[in-house]
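Turn these sequences into a full structure, and let the hints guide you.
Heads up: the protein sequence lines correspond to chains A and B, in order.
Residue numbers for the first sequence follow the working numbering, beginning at 1 and rising by one.
Residue numbers for the second sequence follow the working numbering, beginning at 1 and rising by one.
In case anyone wonders, no lab produced these hints; they're calculated from the structure.
Be a bit skeptical, because a hint or two may be false.
As the list claims (entries may be wrong) - With a Cα cut of at most 20 Å, we get these calculated SDA-like pairs of lysine to any residue:
1) B:K41 / A:R135
2) B:K78 / A:P136
3) B:K78 / A:R135
4) B:K78 / A:D122
5) B:K41 / A:K158
6) A:K119 / A:D69
7) A:K127 / B:R100
8) A:K158 / A:D122
9) A:K127 / B:L101
These numbers come from a predicted model, not from an experiment.
Below, each chain spelled out in residue letters.
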Amino acid sequence: MSAIPSTAPGSAGPPEVSIEIMSNPLYLSGARELVAAVARRLGFPDESCGQIALAVDEAICNVIRHGYDRAADKPIWIHLWPLGTVKQENSCGCAAGGGCGDGNHAVEALKIVIEDEAKQVDPAQIKSRNLEDVRPGGLGVHIIRAVMDEVTYERREKTGMRLTMIKRRVHAGAEEVGNG
Amino acid sequence: MAERRADSVTVNCETRGNAVILSPVGDVDLTASPVLRQELKRVQGKRPARLVVDLTLVPYMDSSGVATLVEAMQIARKNGTRMVLCALADRVRSIFEIARLDTVFVIVATSDAAMTA
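Written out as structure tokens, the structure is:
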């Protein structure tokens, strides 16, 4: 497996969480549960954590199915950047770490980058399909765009694609920004 | 070397009168959808009058699971089978709503309601 840059373009510093998985659907549940658990720890509400997990799942599925044509031995990288302030656990003095509700542990948003070495496609061609056409398949991109606040596909420098997704945190007592 | 199990879902099947009730247990994702698809096809080969998919024990479903159910619904329509989904968890229901399929499927709250919906 080849290495990838630890800092994606436009990111301030290296990711705080990175994992590399093989393109085997067996590892889907582990990847989505890890990301959801991190999001929960960063202060995202349960509904958002579920949406983040779903978006990650759909993104990885698309890489496996369309990028790698279901080959199970190709690399997929998942990187997470909390955006905003992340204070050290228990800095507020609460025992539970993150459960105090004073916002000390919460971030403004979570940036997720998924990279692969699959075939490159024109990002403009990665679109949601017409939902009026009820048929199996082709929903992944629509779902990702529906549950995340920002979604950007791009070609990596030499090979593969990069998907950048941002989910903003819902503040208590405030309307959620975006359509997620 | 022991074979690694790729599927993580089991599908229970029950016949009640002229209805068949399929109850998947576990997350229905890209790994598990082929298992559900196979079971749906097996049951639909018998052309039951009613097919209930009870999702009580499905905490998570992705678009591959939804696609599997859309395919089953299309087969059901062709066969004249009444297909009903029931007991969707909020997370599972939300994906049907995002895909705007919540009005395409017959979805009810309980398996009892699914017997008459």
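Q) Hints broken by the structure, by number, lowest first? A) Numbers 4, 5 - these are the hints that the structure violates, sorted from lowest upward.
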